[in-house]
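*Asks:* Chains as they are written, first to last, in my numbering: chain A, 170 to 482; chain B, 18 to 201.
In case anyone wonders, no lab produced these hints; they're calculated from the structure. Some hints could be false.
[What the hints assert, rightly or not] To be clear about the criterion: a stretch of chain A counts as covered by chain B if any three or more of its residues have a C-beta under 8 Å from a C-beta of chain B, and this derived list gives those stretches:
1. 354-360
2. 418-426
[To be verified] To be clear about the criterion: a stretch of chain B counts as covered by chain A if any three or more of its residues have a C-beta under 8 Å from a C-beta of chain A, and this derived list gives those stretches:
3. 60-67
4. 97-110
5. 130-143
[As the list claims (entries may be wrong)] Calculated from the model, a selection of chain B residues having no Cβ within reach of chain A, i.e. all distances over 12 Å:
6. H48
7. A124
8. C151
Even for Gly, the Cβ is constructed at its ideal location relative to N, Cα and C.
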Amino acid sequence: MSALIEVEVAQVRQLTPLVREFTLVPRAGRLPRFSAGSHIQLQLPVGERLLRNCYSLTGDPARSDSYRIAVRLQEASRGGSRHLHESIGVGQRLRITPPANLFALHSRARLHILIAGGIGITPFMAYVDELEQRGAAFELHYAFRTGLSDAYADALRQRLGTRFHAYDGGTGPALDLQAVLKGRPVGTHVYTCGPQGLIADVRAQAQALGWADSCVHSEAFAAPEPGVAFSVELVRSQKRIEVAPGQSLLEALEDAGLDIPNMCRGGVCGQCATRHVGGEVEHRDSVLTAQERAHLLMPCVSRSCGTPVLLDL
Amino acid sequence: MQVSSPIADAPPPASMPRYPAPVLRAGASRHVVVVLGPPDAAMREFLDALRGVAADRQTLLAFPAATQDDAQAVMLALQQSLAQAQAGAQLYLLGPEALIWRLCNLARSMGLQPEEISLLRAQSAERPVYCVHCASLQQAGPGLETNCAHCGVRLFVREHFSQRLGAYMGVCANAQQPYAKDAA
Chain A
170 MSALIEVEVA QVRQLTPLVR EFTLVPRAGR LPRFSAGSHI QLQLPVGERL LRNCYSLTGD
230 PARSDSYRIA VRLQEASRGG SRHLHESIGV GQRLRITPPA NLFALHSRAR LHILIAGGIG
290 ITPFMAYVDE LEQRGAAFEL HYAFRTGLSD AYADALRQRL GTRFHAYDGG TGPALDLQAV
350 LKGRPVGTHV YTCGPQGLIA DVRAQAQALG WADSCVHSEA FAAPEPGVAF SVELVRSQKR
410 IEVAPGQSLL EALEDAGLDI PNMCRGGVCG QCATRHVGGE VEHRDSVLTA QERAHLLMPC
470 VSRSCGTPVL LDL
Chain B
18 MQVSSPIADA PPPASMPRYP APVLRAGASR HVVVVLGPPD AAMREFLDAL RGVAADRQTL
78 LAFPAATQDD AQAVMLALQQ SLAQAQAGAQ LYLLGPEALI WRLCNLARSM GLQPEEISLL
138 RAQSAERPVY CVHCASLQQA GPGLETNCAH CGVRLFVREH FSQRLGAYMG VCANAQQPYA
198 KDAA
């Protein structure tokens, strides 16, 4: 993995009761440039544990003096978002990975349709900057709950005018995906960031209209779901590791000192694929094929069905 | 061109174009079909199959007399058609190798994805060759070597197809004679 970057929290803004924005500046030099849609991993010491959470960069990609992230307080938090909301203030030193992008803009699209659900607005903040700089045609559809998950909504409405479409889950018009996607010119690409249900609905609607899969892009914000405790055996290094219910297998391996390459920590990038040689695996990723699952698993999200899993590590 | 390979059924080099049988993307909202020149048997078979699947959802642009020289009219017609088309359309380009790639590039520039474009090459003994010395596009026979129709240099036709130009690369066959024979 690339070397970590030392940063400091320069500003904290409460955007809504649930969403807090953090501005991070480098402790030395400048930050690496990034492309719209990039995310970083933030290393967060919480008690005894070191959490590594991924956050989209919401700042302008053209700037390299600071990064911005926006964090939603999760009810079923594994501790990361609560810790960020309650204990991280200006001056706090943190470590981050350099940016990686699993949700890039398509370079040859004629029209970009961005669909955000709640905190899924974050990557699109950088998209809007980049698309405006390119002079590209785009529109943003944002579903939220006013006063809770409507981060940046007012600023976007002012900035984008008729290109901004808001859907308030409480009172406003519902997000009609067929109306959004129907009758668009060839070369239109749709990008969705938000809950899995929204991503699946957009994909299904695009498919119903005959869209090619390569015009449909998405990124989910999913921390690994907890499960029951289980153990793994590392057959080559002759070790046994216990995985706690609220911990991912990847985190347990990292706590044991193993350095597994990884980017998304959410079962989509495929970087942390690890060989398994025994035991029943509950696969929770969205990259491996059925054939690959016979001998590979993604420790960032997948778990055991109960029996110990044997890993080729 | 045939190059003997130690491996039976070795895949063609990556620098050569591939023409898998066009797949009818049944879910497409519209099928835009461009037919260049008189259709051969494979093209007729494909058009029949398409009529069976999507007779009410196809746009047919037929140019029975299209040649390399009047490609402009075809390009304009396709451009107008795609400007009206909606996302979800599938494009099929049927015709001579030199022309279908020019149309393919036009469609790509209008935002179509590779998976939204299917190519069906007309059976032909000729193939398009690009002379890398005088930058002229021309039709040549199936042989390994040919004389450039423009500058006269003896060309070796490489197993290297430019999708941008829609032609095989022709390079000087004999480095000792980088000029036409009668110029010596």
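*Asks:* Per the coverage rule (Cβ-Cβ under 8 Å, at least three residues), is the stretch 97-110 of chain B covered by chain A?
*Replies:* holds (count 8)
*Asks:* Quick check: the stretch 130-143 of chain B, covered by chain A? Criterion 3+ residues, Cβ under 8 Å.
*Replies:* holds (count 4)
*Asks:* At a Cβ distance under 8 Å, does chain A reach at least three residues of the stretch 60-67 of chain B?
*Replies:* This one is violated; 0 residues, fewer than the three required, reach chain A with a Cβ under 8 Å.
*Asks:* Please confirm whether B:A124 is truly not at the interface, meaning its C-beta sits more than 12 Å away from all C-beta atoms of chain A.
*Replies:* 8 Å, violated
*Asks:* For B:C151, is the shortest CB-to-CB distance to chain A above 12 Å, so the non-interface label stands?
*Replies:* Holds, because the least Cβ-Cβ distance between B:C151 and chain A comes to about 31 Å, which exceeds 12 Å.
*Asks:* Closer than 8 Å, Cβ to Cβ, for at least three residues: run that test on the stretch 354-360 of chain A against chain B and report holds or violated.
*Replies:* holds (count 4)
*Asks:* Should the label of B:H48 as a non-interface residue stand, given a Cβ cut-off of 12 Å to chain A?
*Replies:* Incorrect as stated: the minimum Cβ-Cβ distance to chain A is 10 Å, not above 12 Å.
*Asks:* Are at least 3 residues of the stretch 418-426 of chain A within less than 8 Å of chain B when you compare beta carbons?
*Replies:* n = 0 at 8 Å, threshold three: violated.
Hint violations for this structure: numbers 2, 3, 6 and 7, all remaining hints satisfied.
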